[in-house]
Amino acid sequence: MTEKKKISLKSILTGIIAATMVISSGCADDPSPVGSSLLPRGDLVAVDSLLIHASKSWSEKTLPFPFATRTIVALGDSGGFEAWTFLRFEGFPDSLNNATFVSADVRLREAYHVGDSLAGLSFSVHKAVGEWNRATYVFDSLATPGIYESDDPSRTLSPTGEFAVDTAIVREWIRSVSDTAYRNFGIVLEPEPGSVIRGFHSGVLDSAELRPTLTIRFLMSGSALEDTLIFNTVTDKFVAGSPDTTFTGDSTLITIRGGAAYRGALSLDVDTVPAHAAIHRAFLDLTFDASSSHLASNQQRSLLALYGGVSKSVQASELLATEPAVYRFNVTEFLQAMVRGGDTTMWFSTEEEANSVGLFKMHGAAAPNTALRPRVTVLYTPTR
Amino acid sequence: MRKIILFLLIFGITLTATAGGPTYSRYGIGDLAYFGSNRAFAIGVLGIGLTGDGFINRFNPAGLSRISLTRISAGFEFSSMTLKDQSGSTKFARGDFQSIALAVPVSRQHGVVFYAGTAPFSNVDYRIQVREMTYGSPSTQTFSGIGGLSTLTLGLSYSPRADLSLGLKYSYVYGTIEHITNVDFDDLTFTDNELQSSRFHSGSMFTLGLLAEDLGSLLGVPALKPFQLGLIIGTPAKLSVRQENVLLTSSSVDTTSVVRGKTDLPFSFGLGVSYRAADRMLFTTDVFLQEWQGSNFFGGPSGGVRNSARIAGGVEFLPKASPSSYGDRIAYRAGFAYNSTYHTVGGQAVNEWYLSGGVGLPIGPDAKMNLTLQAGSRGATDGGLQKVDFIRFSVSISASEAWFITLEED
Chain A
1 MTEKKKISLK SILTGIIAAT MVISSGCADD PSPVGSSLLP RGDLVAVDSL
51 LIHASKSWSE KTLPFPFATR TIVALGDSGG FEAWTFLRFE GFPDSLNNAT
101 FVSADVRLRE AYHVGDSLAG LSFSVHKAVG EWNRATYVFD SLATPGIYES
151 DDPSRTLSPT GEFAVDTAIV REWIRSVSDT AYRNFGIVLE PEPGSVIRGF
201 HSGVLDSAEL RPTLTIRFLM SGSALEDTLI FNTVTDKFVA GSPDTTFTGD
251 STLITIRGGA AYRGALSLDV DTVPAHAAIH RAFLDLTFDA SSSHLASNQQ
301 RSLLALYGGV SKSVQASELL ATEPAVYRFN VTEFLQAMVR GGDTTMWFST
351 EEEANSVGLF KMHGAAAPNT ALRPRVTVLY TPTR
Chain B
1 MRKIILFLLI FGITLTATAG GPTYSRYGIG DLAYFGSNRA FAIGVLGIGL
51 TGDGFINRFN PAGLSRISLT RISAGFEFSS MTLKDQSGST KFARGDFQSI
101 ALAVPVSRQH GVVFYAGTAP FSNVDYRIQV REMTYGSPST QTFSGIGGLS
151 TLTLGLSYSP RADLSLGLKY SYVYGTIEHI TNVDFDDLTF TDNELQSSRF
201 HSGSMFTLGL LAEDLGSLLG VPALKPFQLG LIIGTPAKLS VRQENVLLTS
251 SSVDTTSVVR GKTDLPFSFG LGVSYRAADR MLFTTDVFLQ EWQGSNFFGG
301 PSGGVRNSAR IAGGVEFLPK ASPSSYGDRI AYRAGFAYNS TYHTVGGQAV
351 NEWYLSGGVG LPIGPDAKMN LTLQAGSRGA TDGGLQKVDF IRFSVSISAS
401 EAWFITLEED
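Protein sequences, first through last, are from chains A and B.
Each residue of the first sequence is one higher than the one before, starting from 1 at the first, in our numbering.
Each residue of the second sequence is one higher than the one before, starting from 1 at the first, in our numbering.
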């Protein structure tokens, strides 16, 4: 009888497995529409839309840029916006200590211009007498005396990008190599009021052909043969800004400019979006004001929208083919964060903000023509 | 024996990987799990009018009173469903834990038996996918739900007289039901998202039971001697619910809201009658009513609800009253059930019926493996309903051991 029982249990287990295999066979892993008729229409995701206008807009000056990101030095003045250049050539041999200098010329290679391309670029070359910190020296630091001598005459950049430097200054740089009584702080190029700002390739570039160069012509002691040395090891930077910053509070036009740099900002009142809404799409449209903008000759027709605390904190704009031009940003993630109680302000910068001083003016929250004001079209689902 | 239990555990757990089921479970607290005992499951009934030594009656605590040895019981249920409606059909299969229970006799003389167990109370498991045009963009919307409520139950039976037992059980009802809505837009400029709405339930309810084993002597009518009568009353309960909504996108996870509310479990009443035709044959039937009408599910009725009624009947027999072989000790069971469920859709009632059958196979001195097969249908393909044809296969073990029994020395 025991044997009979064992056989029965084995058969039973086999039967269980077989029955379950049969029951489980042909089962769907993927969901299907079957049963959808039981869903009330109200349970389906229905997207609502609304339009939000910016409640406030303004402009702000940004923090200094990291030195390594600056591949341009800009010089010039356009509409009251000034760009100053700082240059310090290095790598001089002390064998030139007793040489007689015939000339010293700096050459800059232009990358772009902002403003009148045909206008001359006038500026003064000052001997720098104090340390200008690459990282922290900014436009506002110019007001602090002791960095440069300011009684130098104005000069104009040649069509080839050259200008002369006082050989006495160059001699001090060379002497500083072996004599601590001399210092090499370089030169400061101060723009004269004008109508153009030019951007030049900076000393951080790998290409020696594009970097700023200092060409020294000299006669060695006892020699009548003029010799030439070209130096392209240079530490440089530029600072830019406007002495008049009243435009930052202007809410009719948003100023977005690299180099200085000024960023646009706008605030949104998101109270009209239901508190727990799921944002499916939010497009922000900023309308370009061509009459007051001055883009760089190589400027990308694109802006960046910036917002903190989200995974994609930078959104590039898409330029819509409209007149006037409209820059559209996908700010879905920003809006989602705002609806969740996040900061309701977003910022705008130019592409290549550290280098390009092109000026974008966008219609702001108080633009007289309401159709031109910043607006966000939101598609959302109210969640329960 | 241990190998068999281990095998069934692993087998059952593995099977739960496949999921999906009737859309009806989206509403209310899901599909209600009616499980009275392994024995009753095969007969089709809840076991309100059943008592005895060889099984643990989870539904009627008064039915525990005849348990003479500590008994433990556990089971799994595997089910296959074919879902049909006007749009087509699909199949799902899943495995679910059925119940685990322990009954410890404290006083045989007074029918005092302590009971502890856990079992599913309801089950939510569905997946539906819909294509919709949403603000000019096609989207795929997937609705799914998982989870359900379970009970942790403590019970006690007591027999004030030989033919009458009373019982009380306390059930702690708990569990999470999660509904998920996923939207996937074809247009890449739209942000897809998923809303996960989880409701965490907790609450308590009581069930009072009565079982009269010999109606003849109780009522003084000898003709009623083979009849047993069982009654249960379940108290209504208000479950505390904490709902947490989480919105997920490809780049963020936001808890959008945490809300508290209540969900009602209704008053219930059950009546069961058994008739012992001979020593080896038992007929039983029971009816179970729940007053769902007007119940709130976290603030408001979810879909339509109505009062539910379940009626079932069946038979159990042994081949011989005095078994001499293994085959003689196998219990054969068969029955039917009709369930007027608490769900209505658009005014259409959702009803269910099934046939059941099974065997109780002896696997030890006082242990049985119960195998049950149920086949039936719920709903319809017209009237906006969904028809669910199902087969359920249940495997459970019920075994006993002598605990806390003092043996008298000769």
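The set of hints was computed from the structure by calculation and includes no laboratory data.
Bear in mind that the values here come from a model prediction, so they are computed numbers and not experimental data.
Among the hints, erroneous ones may be present.
Facing chain A, according to a computed beta carbon distance under 10 Å, are these residues of chain B, among others [what the hints assert, rightly or not]:
1. D85
2. S107
3. Q109
4. H110
5. F114
6. T118
7. I128
8. Q129
9. T134
10. V183
11. F190
12. N193
13. L247
14. G346
15. L385
Covered by chain B, according to a simulated footprint, are these stretches of chain A (three or more residues, beta-carbon under 8 Å) [stated by the list, open to error]:
16. 139 to 152
17. 213 to 221
18. 294 to 303
19. 346 to 360
Backbone N, C-alpha and C define an ideal beta-carbon position, used for all residues, glycine too.
We went through each hint and held it up to the structure:
1. At its closest, the beta carbon of B/D85 sits 5 Å from a beta carbon of chain A; the interface hint therefore holds under the 10 Å criterion.
2. Below 10 Å, beta-carbon pairs count as interface contacts, and B/S107 has none with chain A, the closest being about 34 Å; its hint is therefore violated.
3. Using the Cβ-Cβ criterion of 10 Å, the hint placing B/Q109 at the interface with chain A is not satisfied: the shortest such distance is roughly 35 Å.
4. Taken as an interface hint, B/H110 does not check out: its beta carbon lies about 37 Å from the nearest beta carbon of chain A, beyond 10 Å.
5. Among the interface hints, the one on B/F114 is violated; its C-beta lies about 31 Å from the nearest C-beta in chain A, farther than the 10 Å criterion.
6. The restraint placing B/T118 at the interface with chain A is violated, with a minimum CB-CB distance near 23 Å, outside the 10 Å limit.
7. Here the hint on B/I128 is kept, as its CB sits about 5 Å from the closest CB of chain A, short of 10 Å.
8. Because the beta carbon of B/Q129 sits about 4 Å from the nearest beta carbon in chain A, less than 10 Å, this interface hint is met.
9. Look at B/T134: its Cβ gets to within about 5 Å of chain A, closer than 10 Å, so that hint holds up.
10. Taken as an interface hint, B/V183 checks out: its beta carbon lies about 5 Å from the nearest beta carbon of chain A, inside 10 Å.
11. Checking B/F190 against chain A: minimum C-beta separation of about 5 Å stays under 10 Å; hint holds.
12. A hinted interface residue such as B/N193 counts as satisfied when its beta carbon comes closer than 10 Å to some beta carbon of chain A; here the least separation is about 5 Å, so the hint holds.
13. Below 10 Å, beta-carbon pairs count as interface contacts, and B/L247 has one with chain A at about 5 Å; its hint therefore holds.
14. Using the Cβ-Cβ criterion of 10 Å, the hint placing B/G346 at the interface with chain A is satisfied: the shortest such distance is roughly 9 Å.
15. Nearest Cβ of chain A to the Cβ of B/L385: about 7 Å, under the 10 Å cut. The hint holds.
16. Evaluation of the coverage hint for the stretch 139 to 152 of chain A: breached, as 0 residues show C-beta separations to chain B shorter than 8 Å, against a requirement of three.
17. For the stretch 213 to 221 of chain A, the stated coverage by chain B is not satisfied: 0 residues place a CB nearer than 8 Å to a CB of that chain, which falls below the threshold of 3.
18. Under a criterion of three residues with beta carbons nearer than 8 Å to beta carbons of chain B, the stated coverage of the stretch 294 to 303 of chain A fails, only 0 such residues being counted.
19. Coverage of the stretch 346 to 360 of chain A by chain B is violated. Counting CB-CB distances below 8 Å, 0 residues qualify, and the rule asks for three or more.
The earlier numbered hints that this structure contradicts are 2, 3, 4, 5, 6, 16, 17, 18, 19.
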